[in-house]
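Colleague: Under the working numbering, the first residue of the sequence shown is numbered 1, with each subsequent residue one higher.
Bear in mind the hints are in silico, worked out from the structure with no lab data behind them. The beta-carbon is built from N, C-alpha and C at its ideal position, and this holds for glycine as well. Honestly, I wouldn't trust all of these hints.
[Unchecked claim] Simulated DEER-style distance windows between Cβ atoms:
#: 1; residue 1: D19; residue 2: D88; range: 37 to 43 Å
#: 2; residue 1: R31; residue 2: T64; range: 16 to 22 Å
#: 3; residue 1: G167; residue 2: T64; range: 35 to 41 Å
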Amino acid sequence: MRAVLLSSLTRSHVVVRDDVRVPQAREALDRVDAEYVVVVTSDGNPLAVLGRPELAGLGTTTDTLTTVAHRLPPLVVIGGDPDELDLDELFDLAELVVREGLRFVLVERDGQPSGVVPRNAISEALPLDLLDTGVRAGNPNVPALRYVCRKCAPPSFQLPRVPGENGRPPNCRRVFFHGSMEPDA
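With these hints in hand, go ahead and build the complete structure from the sequences.
Modeller: See below:
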């Protein structure tokens, strides 16, 4: 199996701030005919990714996205550089998607949302039913490049794809005050 270009898996999105009301988020999605809404804080940190089913699941509320944040799906952020995902990275991403029951992953480049990868795109690149979630793969002597913030509810995940400065784990992208994320074991 060959490496996969991350950009070939991404789908269209529109970015909205978390102080936007749910109906306005739906309107933004329709206005640009995007498949996903990426919700960011006033600082530009990603809070969630929502598809049409997730927006519909919020019902007729006119609350802001901040108010309904506890009802939003878990956030997974993967670094977009380099564009080429090797087989180990694709497997790691697929295993996380299956284990957590995720529907999509946010791709970031230079700290900005650059696309959304839906579960079915990952499944096309690597059939998810072939994964044995009872077995952990990888080299235990290599530091983790997958991190989780368990202070977030629901938890948020990050796959930076390159080690942090001085080998430090990344900070939570969702809530700055949560600080460093922990390796996802």
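Colleague: State for each hint whether it applies.
Modeller: Quick rundown of the hints versus the structure:
1. Range check, D19 to D88: Cβ separation about 39 Å, and the 37 to 43 Å hint holds.
2. With their beta carbons about 18 Å apart, R31 and T64 fall inside the hinted range of 16 to 22 Å.
3. Between G167 and T64 the Cβ separation comes to about 38 Å, which falls inside the hinted range of 35 to 41 Å.
Hint compliance for this structure: every hint is met.
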